[in-house]
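For reference, each letter of the sequence shown is one residue, going 1 to 152 in this note's numbering.
Take these hints with a grain of salt, some might be off.
Once the Cα atoms are required to be at most 25 Å apart in a straight line, the calculated DSS-like pairs of lysine-lysine come out as [claimed, not checked]: (1) Lys32 x Lys117; (2) Lys81 x Lys138; (3) Lys32 x Lys68; (4) Lys108 x Lys138; (5) Lys138 x Lys68; (6) Lys68 x Lys117; (7) Lys138 x Lys36; (8) Lys81 x Lys68; (9) Lys36 x Lys81; (10) Lys36 x Lys108; (11) Lys117 x Lys138; (12) Lys32 x Lys138; (13) Lys117 x Lys36; (14) Lys81 x Lys108.
Bear in mind the hints are in silico, worked out from the structure with no lab data behind them.
Quick caveat: nothing in here was measured; it's all calculated off a predicted structure.
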Amino acid sequence: MDTSKTTLPPHVPVLDQQLCFALYSTSLAMNKLYRKLLRQLDLTYSQYLVMMVLWERDEQTVSELGEKLFLDSATLTPLLKRMEQAELITRNRSAQDERQVIIALTAKGSTMREQAKQIPPCVMEATQCNLDQVVDLKRQLDALRGNLMEQA
Numbered sequence: 001m002d003t004s005k006t007t008l009p010p011h012v013p014v015l016d017q018q019l020c021f022a023l024y025s026t027s028l029a030m031n032k033l034y035r036k037l038l039r040q041l042d043l044t045y046s047q048y049l050v051m052m053v054l055w056e057r058d059e060q061t062v063s064e065l066g067e068k069l070f071l072d073s074a075t076l077t078p079l080l081k082r083m084e085q086a087e088l089i090t091r092n093r094s095a096q097d098e099r100q101v102i103i104a105l106t107a108k109g110s111t112m113r114e115q116a117k118q119i120p121p122c123v124m125e126a127t128q129c130n131l132d133q134v135v136d137l138k139r140q141l142d143a144l145r146g147n148l149m150e151q152a
């Protein structure tokens, strides 16, 4: 008896029909691409995200970084320590509030921005989408994330 074509009852979820799996597997593919592209900078994807936030505006608190990256301090702190050891950032207590730690780029971290400029065009090419498609997809994903965050 051939069971490969077994028909499931309509209430049984099928993996490849699930939005969550499409998002998850796409995220894995995107991370794999970034891992390849970031190897030359000796950065992980998470470190690259931190660098992008700091390249936009240097000297931010750990909580500001966490808010922008959707990461809690327990996840962010070890990541920032490794980046400090790699001499990409500095971590210093705020003079105004000792409880806050200010994250700032080092000269090495600032200089890396120029090398990183080649990454977004490579990602864009890999998607095989045009700019309008990417902008529309990002808008839809931002809205989806917002809706899900309201329910979480």
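Query raised in the report: Are the Cα positions of Lys32 and Lys68 separated by 25 Å at most?
Result: holds, 22 Å
**Report entry** Holds or violated: Lys81 to Lys68, with C-alpha atoms at most 25 Å apart
**Finding:** holds, 18 Å
Query - Straight-line alpha-carbon gap Lys32 to Lys117, limit 25 Å - result: holds, 19 Å
Query - Pair hint outcome, Lys117 versus Lys36 [Cα-Cα no greater than 25 Å] - result: holds, 15 Å
Query - Given hint Lys138 paired with Lys81 - CA-CA distance at most 25 Å - result: violated, 31 Å
Query raised in the report: Taking only the CA atoms, is the gap from Lys36 to Lys108 under or equal to 25 Å?
Result: holds, 21 Å
Query raised in the report: Would the pair Lys138 and Lys68 pass a check requiring their Cα atoms to be no farther apart than 25 Å?
Result: holds, 16 Å
Query - Distance restraint between Lys117 and Lys138, which requires alpha-carbon spacing of 25 Å or less - result: Roughly 20 Å between the alpha carbons, so the hint for Lys117 and Lys138 holds.
Requested in this report: With a cut-off of 25 Å on the C-alpha distance, tell me whether Lys32 and Lys138 pass.
Outcome: holds, 19 Å
Query raised in the report: Is the straight-line distance between the alpha-carbon of Lys81 and that of Lys108 25 Å or less?
Result: It holds: about 16 Å lies between the C-alpha atoms, which stays within 25 Å.
Query raised in the report: Has the given pair, Lys68 with Lys117, been kept, meaning a C-alpha gap of at most 25 Å?
Result: Answer holds: Lys68 to Lys117 is near 20 Å, not above 25 Å.
Query raised in the report: Between Lys138 and Lys36, does the CA-CA distance stay at or below 25 Å?
Result: Within the cut-off at roughly 22 Å; holds.
Comparing the model with each numbered hint stated earlier shows that hints 2, 4 do not hold.
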